[in-house]
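**Student:** Residue numbers (our numbering), protein chains in the order written: chain A, 1 to 205; chain B, 1 to 598; chain C, 1 to 137.
Source of the hints: derived by calculation from the structure; they are not laboratory data. If you're wondering where the values come from, they're calculated on a predicted model, not measured in any experiment. Hints should not be assumed to be uniformly reliable.
What the hints assert, rightly or not - Lysine-lysine pairs mimicking DSS-like chemistry, simulated, CA-CA at most 30 Å apart:
(1) K28/B with K531/B
(2) K532/B with K459/B
(3) K135/B with K81/C
(4) K135/B with K168/A
(5) K81/C with K118/A
To be verified - Just a few of them, taken from the derived set where beta-carbon distance is under 7 Å, the chain C residues facing chain A:
(6) L35
(7) A46
(8) V56
(9) A59
(10) A63
(11) A67
(12) T87
(13) T91
(14) F102
(15) A104
(16) Y106
A virtual CB, placed ideally from N, CA and C, is assigned to each residue, including glycine.
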Amino acid sequence: MQIPYTTTARPDTGVYNAKLGVWFFLASEVMLFGGLFSSYIFLRIGAPVWPGELGGEMYVRAHDILNVPLATLNTMVLIASSVTMVMSWASLMMKRFDRYRLYMGATVAFGFVFLIIKAFEYGSKFEHGLFPSESNFLAIYFTMTGLHALHVIGGIIVNAYFLGPGAKMWKTNPQQFTNRIEVAGLYWHFVDLVWIFLFPTIYLL
Amino acid sequence: MAHEASGTTHEVAHEVHDDHHEQSFWRKYVFSTDHKVIGIQYGLTSLAFLFFGFCLVMLMRWQLAYPGEPLPLIGQLFGDERMPGGTMLPEFYNQLGAMHGTIMVFLGIVPLAVGAFGNYVVPLQIGAPDMAFPKLNMASYWFFFLGGVVMLSSFFVPAGAAKAGWTSYPPLANIETMGQTIWLFGMVFLITSSLLGALNFLVTIIQLRADGLTFFRLPFFVWVQFVTALLLLLAFPPLEAAAVLQIMDRLADTSFFMPSGLVVSGEPLDIAGGGSPILWQHLFWFLAHPEVYVLILPAMGIVAEIIANNTRKPLWGYRLMVYSLLFLGFMSFIVWAHHMFITGMGTNLSAFFQVTTMIISIPSVIILSALFISLWGGSIRFTTPMLFALGFLPMFGIGGLTGLPLGLAPPDVHLHDTYYVIGHFHYVVAPGTILALFGGIYYWFPKMTGRMMNDMLGKIHFWGTLIFMNGIFFPMFIQGMAGVSRRLYDGGQIYEHAQGVLWLNEVMSISAWLLALAQIPFIINLLISLKKGKEAKDNAWDATTIEWAAAPSPPVGHGNFVTLPRVYRGPYEYSSPEAEDHDLPQHVPPKQLVAEGA
Amino acid sequence: MNEAALTDPAVHVDAAHAEEIKKHVRVYLIVFGALAVLTVVTVAVAYLNLPIVAAVIVALIIASVKAGLVAAYFMHLVSEKKVIYWTLGLTAAFLAAMFIIFIAAYYDQDGNPDAEAVPRILDVELFEPEWEGRFVA
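For reference, chain A alone in the conformation it holds in the complex (with noise of 0.2 Å):
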């Protein structure tokens, strides 16, 4: 049994399968995030100040809580491993699976990093007590970039799987395996995408 249009687009819709399928993903990874992003807007309204108290003082912008610096390094590690997933499905469409493993590889370990640096910034606000407990500010800020770095976890075992195992298919049907990565990397721009908008709304703002 064959399925029709796994690898070729289907001809009145112009897409395959798989495509249209992970669009439908985002689409409900948009509500998602979505739903937290409405949930942060109506509890940050209704505080009287935002971030608020915190360890009896009373702050008024978020980035004298956060850090700044190491979130904009963040930013800029998964802008950069964005750029490494679109040229890794580039290599592929130019048939160059040499440098398809180079920058699907420089993807996952930047991917790592953005983890990495996360989890310092995580162990130094719980070190100085900060808890999601402690306000509703610290509960958004771990809820939401918690669950961004759940993504970027499923984006990681993704992506390796395409690195090793996965990258055989390269040899039995290359047409599939460089929709499979493009497929990979629409999610991984996504994740990418809701760290765009969590950045400034959550650190900066």
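Once you've looked at the hints, dock chains B and C against the given chain A.
**Tutor:** Same frame as chain A, but now just chains B and C:
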């Protein structure tokens, strides 16, 4: 294109058969990627959950009819922490209530309507060999199964299952016992399952339609599954977000839904505060209102199929129905706060939601009217599935019309959280959707098994179900208008204003138990027909849609069609004047019709 | 530029297409530069301590531009098929409805509390000493 199929029918069928010899039992029946097997898995599991959820409410009905009296015979079996001496504790009553709602909605109706019928029928109706992503399909079922197991396991943790109602409103849900946390994790599994299922349906319907099967040639059932999948895909994630926030509230002591200054049992809570319980309600109802349409739309689709088939003529206003359906799906996202009129919502917002709610009733009425008009002038075959479909029409009518007063804020202030609400949504879902789902089982059973279900037993089942369902739910309107609240452990005994309508509790409870008895013919029918039923011909109901007309019953192994069909016309060309009042199946080329002199 | 060749891998890739993709690689690098610059700008603006409304507007504009660049070029939305635009358009509509109604729901509640005041809903205190509910911290 992958539409390659060569050789004679017989050869290919043999090949397909050979393919499956190599598969082990586990791959073929348990971890199968065949949409037909997964559909049947969904069907059996969700029927089991429906039965279980019904058992929960039968226990509750004992307490409501005879408050405080020990349940004879089986009462002792539940243990002292639930029913000491056979008398139900309030905590156990609350567990039953919350879990009845959760199980019926998320583990019973939706998986049966979407997971089972959608999975089994949609690929066949669109002429596809399988769903677009068979492995995701399997994952979807197993996430659902896992979610169900997690939900059921919560009965056995200390202090039992979730007790804060199926809506899990905080702050109550936040200070609940452990069962609530398990409820939330169960919901995360179920949401994941429905997400995987929904995107699979959407891609399948868009990408795998047979050649010539344009969108306006799709059977109405495929259309409803399409819109349902869109609702599941886009409405469920905000509830997932809400579940994540409530999990944080419960496990990390955050205060997303906890207001400042909350005092419980005379003690101030040691929390940061500053959260909003109303936020949960917004996120919850953002899902749960579209969810109402997830419950009802597949039922409408099943009824449309059955009515077209049994009146032997095209559906009246097919295009109008489709446009109404799309409009309904869209509007269902912006009516949610009509569940929240008494939360202190301002008049502007309340006016907005009253208007959208009145607007959304229009497409529902159009679809229902189109189905009624479809009956006009038909020579109706009163088969068992048709009886259920005909039963659905007035029952859904009652359910829908009793919703109007709830959609307007002033009457809602009186009726909110009374038995009237319970009566309203049960009329939509129980005599409405469940009747249609039974109809679907009788209609597609021959497709799945190659055998007919017994007509006599089916008719007994229909009349018993119809009468006793009304016996349960109609008195609820009377009690509700008298002001009896829902979620009362004693059924309203302590309230002066409830005294006049208390006798109805016994009527409803006896109806509920009789309804259980009325299901016995169905269960017997299902089991016996599986082996001993009359053998069905391939097109058991002489239908024109391709799941019947172009595939054998049951369809050949994994892959469905010997050659993928091509479609030449709309779905319900029954008694077509173009072919001397013969039926025109979707896949038969016009030339062949002429040649056969049909 | 032949966008279709880039976004639709079904198109046979020959030497000419490889050239096309090389051009796109240049676009990717330009986008990367733009994203990096915008990140620095948004951080710099944050330290200006603008009034909150202005700060929100500026930050959201910059974030939207960045997100637009990622979506348009890295995710190839500049040249995508209709079915995907429909999907995203529908999602965007529901997302907008959610944002707008959530905000409206805050400002239109039981007597329209002004933004400075602690909303009334947070003042609720439940004193029910008689109630014997279970409490688990």
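**Student:** Each hint should be assessed against the structure and marked as holding or not.
**Tutor:** The hints, checked one at a time:
For the suggested pair K28/B and K531/B, the alpha carbons sit about 20 Å apart, so the restraint of at most 30 Å is met. With a C-alpha separation of about 18 Å, the suggested pairing of K532/B with K459/B holds against the 30 Å cut-off. Note on K135/B and K81/C: the hinted pairing holds, with a Cα-Cα distance of about 26 Å set against a maximum of 30 Å. With a C-alpha separation of about 20 Å, the suggested pair K135/B and K168/A falls inside the 30 Å cut-off, and the hint holds.
For the hint linking K81/C to K118/A, the alpha-carbon distance of about 36 Å lies beyond 30 Å, and the restraint is violated. Because the smallest distance between the Cβ of L35/C and any Cβ of chain A comes to about 5 Å, under 7 Å, the interface hint for this residue holds. Restraint check, A46/C versus chain A: the minimum CB separation of about 4 Å is within 7 Å; hint holds. Against a cut-off of 7 Å between C-beta atoms, the interface hint on V56/C holds, since the closest Cβ of chain A lies about 6 Å away.
For A59/C, the interface hint holds, since its Cβ comes within 7 Å of a Cβ in chain A; the closest pair sits about 4 Å apart. The interface hint given for A63/C holds, since its Cβ lies 5 Å from the closest Cβ of chain A, which is under the 7 Å cut-off. Because the beta carbon of A67/C sits about 5 Å from the nearest beta carbon in chain A, less than 7 Å, this interface hint is met. Interface restraint check for T87/C: the shortest CB-CB distance to chain A comes to about 6 Å, inside 7 Å, so the restraint holds.
Interface restraint check for T91/C: the shortest CB-CB distance to chain A comes to about 4 Å, inside 7 Å, so the restraint holds. A cut of 7 Å between beta carbons decides the hint on F102/C: the least distance to chain A is about 4 Å, and the hint holds. Hint status for A104/C: violated, given a least beta-carbon distance of 11 Å to chain A, over 7 Å. A hinted interface residue such as Y106/C counts as satisfied when its beta carbon comes closer than 7 Å to some beta carbon of chain A; here the least separation is about 5 Å, so the hint holds.
Comparing the model with each earlier hint shows violations of hints 5 and 15; every other hint is respected.
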